[in-house]
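S.K.: Guided by the hints, dock chain U onto chain X, whose structure is given.
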Amino acid sequence: MPAKPETIAALQAKFAGFSVSEFRGDTRFAVPKDSLLTVMQHLKSDGKFDLLVDVTCVDYLNYRDARDRFGLVYLLANTITNERLTVRCFLNEPDLTVPSMVPLWGGSNWLEREVYDMFGIIFDGHPDLRRILMPDEFAAFPLRKDYPLQGRGERHNFPVLKRNQA
Amino acid sequence: MPAAEATLEQRSQEQDYLWTLNFGPQHPATHTTLRLVLKLDGERVVDAIPDIGYLHSGFEKIGEHLDYNQYVTVTDRMNYISPLANNVAWHGAVEKLLGIEITPRCKYIRTIIAELARISDHLLSTGAMGLDTGAFTFFLYAFYQRERLYDIFETLCGARFTNSYTRVGGVMHDITSLVVQKIRTFVKTFPETLNDMEKLVNRNRIFVDRMKGVGLLSKEEATNMSATGPVARASGVTRDLRKDEPYLAYADFDFNICCAKAGDCFARYYVRMAEMRESLRIVAAAIENIPSGPANVGVDERTALPSKQQVYQTIEGTITHFELVMQNRGFTVPSEETYAAIEAPNGELGFYLAGDGSNVAYRARCRAPSFIHFALFPQLIRGHTLSDVVAVLGSLNIIAAELDR
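Protein sequence lines, in the order shown, are assigned to chains X and U. All the letters of the first sequence, read from the start, carry residue numbers 7 to 172 under my numbering. All the letters of the second sequence, read from the start, carry residue numbers 22 to 426 under my numbering.
Bear in mind the hints are in silico, worked out from the structure with no lab data behind them. Worth double-checking, as some hints may not be accurate.
[As the list claims (entries may be wrong)] Stretch by stretch, here's where chain X covers chain U in the computed footprint (C-beta under 8 Å, at least three residues): (1) 340 to 353; (2) 361 to 374.
[Stated by the list, open to error] With a cut-off of at most 20 Å between alpha-carbon atoms, the simulated SDA-like pairs for lysine to any residue come out as follows: (3) U/K82 to X/M7; (4) U/K209 to U/K117; (5) U/K117 to X/M7.
The C-beta atom is built at its ideal place from N, Cα and C for all residues, glycine as well.
Excised from the complex, chain X in its bound form (with noise of 0.2 Å):
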């Protein structure tokens, strides 16, 4: 369900000149990302959004009329009311760190290591900063848009096992 009216405005009185759009229901709150951290603890603490659905990124490296690179999105949801918020985070290379939401959500940890594994979004505070589900010796970013669906370059990074040696 999308985000109350009075949690909107509640929102844009705290945080003055953040902008708030809404699309098809979806309310979503763009915040810089000098601000990341104090947001989502206020949104965390009394704006009780207790459920962090999902953490997921875009590239808008070929995105028409894009002015930021990546746009890391987080959702977030109250199990109360069932308002959902999404938050975005627009970030640009070469800064590439966010502060990291483990501590105020455990379930971030995993969804930021796949972030960081597909978009090489560097999560400042993390616990256990790892890829997740590419191997630990891959080098690309698989999820960029500058990164092909085919083509060939990605074996000769992997050592080759003899039977004898697996």
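M.R.: Leaving out everything else, chain U in the frame of chain X:
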């Protein structure tokens, strides 16, 4: 002394007797390809380190290259235990992005198939839980009913396993009277099997001893770790999107949310068994009340493929078919982003879609419940014995294809 302050020598001395067991990736009790590195103190699990990604197939990357109708075949392969629920979730998200309102008949059909998918998923997950803990007959009972569901799906869309039944703005083809008849028979006969299954294990000493008190998850921890679906409901979280954010036709039906307080493996089993009865109630009510009218949205909306008769006999049908099939045409997609979720058998299954005006999603993120639930595993198993690993794994219903995508 807290572990963090202990010196390296002390720690290695302490852990001298610990041994490491590699569980999977090829192991019959993991059901699919996932790997656990277990640190054992005798039989007791001190720590478990999940190592996933063996089945990573880049589904989200493929989603950026297949159009909205083609990608439904990939969603089948995510949670292949309940592919129809994934189809419904995917096209629900696409239709939200495109702003399509589907017909009442289509809403009912999708509700029915989503609930049948839930029954089929819960039959497998509870059946496998029984199998892993030694109740083989229980598993066979469950699988026989799954076969009957597969028969229904086969009659419905021609495929037993990977159904790909939904389309943008509708379904592959309308539900036939033969399907309705088969579902009616299933609704009538299934409760008996459900009773038999419950009688077999609900008070079975071996089963109960292996499930009760194992893998405890508190309500706070469930919400904190983003758990949803039966896993969260077994811990006392009352969240169910079917009630909380009624989508499709769920608002029309009378059903209960099944919750338990214990938060252990038995509670997760019990919630799933109870949910099957509620799903059956929904199916029974829906199958008798399917609204008449078309299953797909109208030809002028230019989203669902028109029938062959319309294509050959009307100019609107011909135009719509052409517009949808030609590569440089297709849907009008806003350059916007949405998130839409359904209550899939395993928990909240959502798709975060970014459209860029073209036929293909710019980003097709899948919020997979198995991925979230598997993150819970180390804390659920800590302190339990090696034999409990399969019980906890079974109760979380981890599907590796959905886990790794």
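S.K.: Under the constraints set out in the numbered hints, which ones does this structure not fulfil?
M.R.: The structure breaks hints 1, 3, 4; every other hint is satisfied.
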